[in-house]
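Quick note on numbering: the sequence shown equals residues 1 to 699 in this note's numbering.
Take the hints with a grain of salt, since some may be wrong.
[Claimed, not checked] Taking CB as the label site, the calculated pair distances span:
# : residue 1 : residue 2 : range
1 : 623       : 678       : 30 to 36 angstroms
2 : 395       : 599       : 40 to 46 angstroms
3 : 655       : 549       : 36 to 42 angstroms
4 : 659       : 516       : 51 to 57 angstroms
5 : 324       : 655       : 32 to 38 angstroms
Rather than coming from a laboratory, the hints here were simulated on the basis of the structure.
If you're wondering where the values come from, they're calculated on a predicted model, not measured in any experiment.
Using N, Cα and C, we set each Cβ at its ideal position, and we do this for glycine too.
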Amino acid sequence: MRKSVDTETEATSAPTSSSTNVNGEEEEEVVVAAQQRDEEVVVVAEAADPLAEEERDTKAKAKGGSMATPVAAAAAVAGLFVVKKLFGGRKERLERGVVTKEADRYGALVEVLDLRADAAELHAPPPMKPPVLTGRTFVIKDNIDVAGSPTQYGCPAWSSAKATKNAPCVDKLLKAGARGVGKAVLDELAYGMEGENPHHRSNGPKNPLNEDLVTGGSSSGSAVAVAGGLCDFALGTDTCGSVRVPAACCGVFGMKTTFGAISTEGVLPMAKSFDTVGWFARDAALLRQVGHVLLDDPSSSSELLLAPSKFLIAQDLIYSCKPAEYSQILADVAQLSASRLLGSANVAQVKLENFLTKQVPELKVFKKDSSTSSREAAYSAGRRKLLFEVAQTFSAFFKKADKGKMSKVVKNRIKLSLDFHAAVSKKAKGSREGEAQGVSTECAVVETMGDTLNEALSREKVLIVPSMARLPLRKGAGKEEMAEWRDDNFSILILASATGLPQVTMPLGELDDKDGKKIPVSLSLIGARGSDKLLLDTCHAMVEKVCQVAFQQALKKQKSAGKGNGHVDQDKLMAASLKDQGNQAFREGRFYDAVQLYSQGIQLDDSLAVLYSNRAMALLKLGNFVDAESDCTTCLSLDPSNVKALLRRGTARAYLAQFQEALEDFEQVLVLEPNNAAAAQELERMKEAFSTPAAQDNA
């Protein structure tokens, strides 16, 4: 179904000078587009009458039959506000019309450019309009070729030979009137999710929204350039989240395309069946325009929007997100937005775990035991396939590379993939055919999973999922917390990556931490293969008129329920993460480490009762009954109905020969939970012990 929406804006351009390396000594200026539309757009967005006229026109078209649902009306109004939001903060820079090394205050670029198409290509004879991206500026991730510039891959050990021609994706944007103003930093060899690069100034770019947070990777510089107002949009690549994660961390829009939808010629590879070209923008209308150019759609300036037939909300993925306040906001926004856009009859809650278990039984091969979920199995299969392909990409390079020019982290990551590849090769007895067979199970399962999801999303259905399983990570996080953050996010990102499905990331708004700094929140849409334009149109229709209103309502709902105040305390988030790490250490039998982790969590949030109860659990294993009893008592002062704390305190007191107090604890457990088998068993055991002659004599 198509809907009518005006998404056009016009612009003019200004002259430019030559390029200069950001890390060099030159400070030559590069003039970018002088965006003449800035003040006009702001005035239109603020004026009451033009907006009212736009709404009246929209309603009139709806009555005439060209707009059968509220989708287009929402997008038409959203278009005005979103343009105001995009350019309002950049007015001063645009009036100057320059980008300099000093202007890159967040460290997004490795090189400043003045890249444009020949004038003859841009000026079509009247009455044709100027190219759709005329006057727009963009930066290019430094794993994408630009003629005359080295493609450095974020790694000094990589060849720095200058590219002889532009990648096709760059040429498409230039021919559409856009101007390239820089090459953007990325994680070393695109192998990272945090957005850090030790070879770049300040260890990588800073997050313009909140410098305490990571930028996300590997397309970190591209996202930062957009979020920081250095350009209108940016090119990136996405292998397993390299566009989606930075978009979510920096609070901008990001598009990961269907595998193969955009040529990767002139793009340095990482994993051949995962790599896709993507892009970032600060508004949904521009995200859509850029997409139609890159996807070779002649109707990039069309007033018509596609709408989904049905929304499927991945309920279990959303509720697996942490912390609970974050997952509840996502759940509320997803339901409210989808229902308002299509009506509740066209929205369904789905459990992806049940779907995968039923539809892809082959995943059981990757289950360690009966407790392993189908989603964890999917993660395992996808990760093994990814590791194999990464090893194929970097094997020859790694043998010859000057490893002194590589960071320890990336060397270890590549070595991990090479070790996996070697194990597969050894199992296959060294033959190339055998190597392929070595991961044939992974490939077959991933292909089946992709085909199954693709079929489920056919006929214009759209799946709503979290962009990330966790909120953006704080800089300086410990290794365990970082690994946990990466793995949790990867388990969601792998769905679209391994299966070749498109996914768009939509910023919803920001939460405040305890210091008043911003933490971005986003949702994502996944569609069937080839549904890229549907996702872009749906995002355009949803985000400004529907999602942001729903986001504010979700915050209000939490406040009224007493579950939050719209603020996120980073210390509390860290404490919750340390609790999870402590639980993992306990499961692995590392009881002393578990005590240390729980203790660190208590230092950050001494009101979290479960930390005391869990530390007591580890202390019992270490035979420290005095401290275990003390921790349980503290836990119960915070949460009097904590059954586990009562059980653990009863156990500690029994070992300390405080039998009467122990009996009282176990009896209280049975008051709270009459069928609690552990408490009943302990009571029975203690009564038997006291009924013996020896016990009576001692009494």
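Structure-based check of all given hints:
1. In this structure, residue 623 and residue 678 break the distance hint of 30 to 36 angstroms, their C-beta atoms being roughly 20 angstroms apart.
2. About 44 angstroms separates the C-beta atoms of residue 395 and residue 599, a value consistent with the hinted range of 40 to 46 angstroms.
3. Distance hint check for residue 655 and residue 549: the Cβ-Cβ separation is about 57 angstroms, which falls outside the suggested range of 36 to 42 angstroms.
4. Restraint check, residue 659 to residue 516: a C-beta distance of roughly 53 angstroms satisfies the suggested window 51 to 57 angstroms.
5. At roughly 34 angstroms, the beta carbons of residue 324 and residue 655 sit within the given window of 32 to 38 angstroms.
Taken one by one, the earlier hints fail for this structure at numbers 1 and 3, listed in ascending order.
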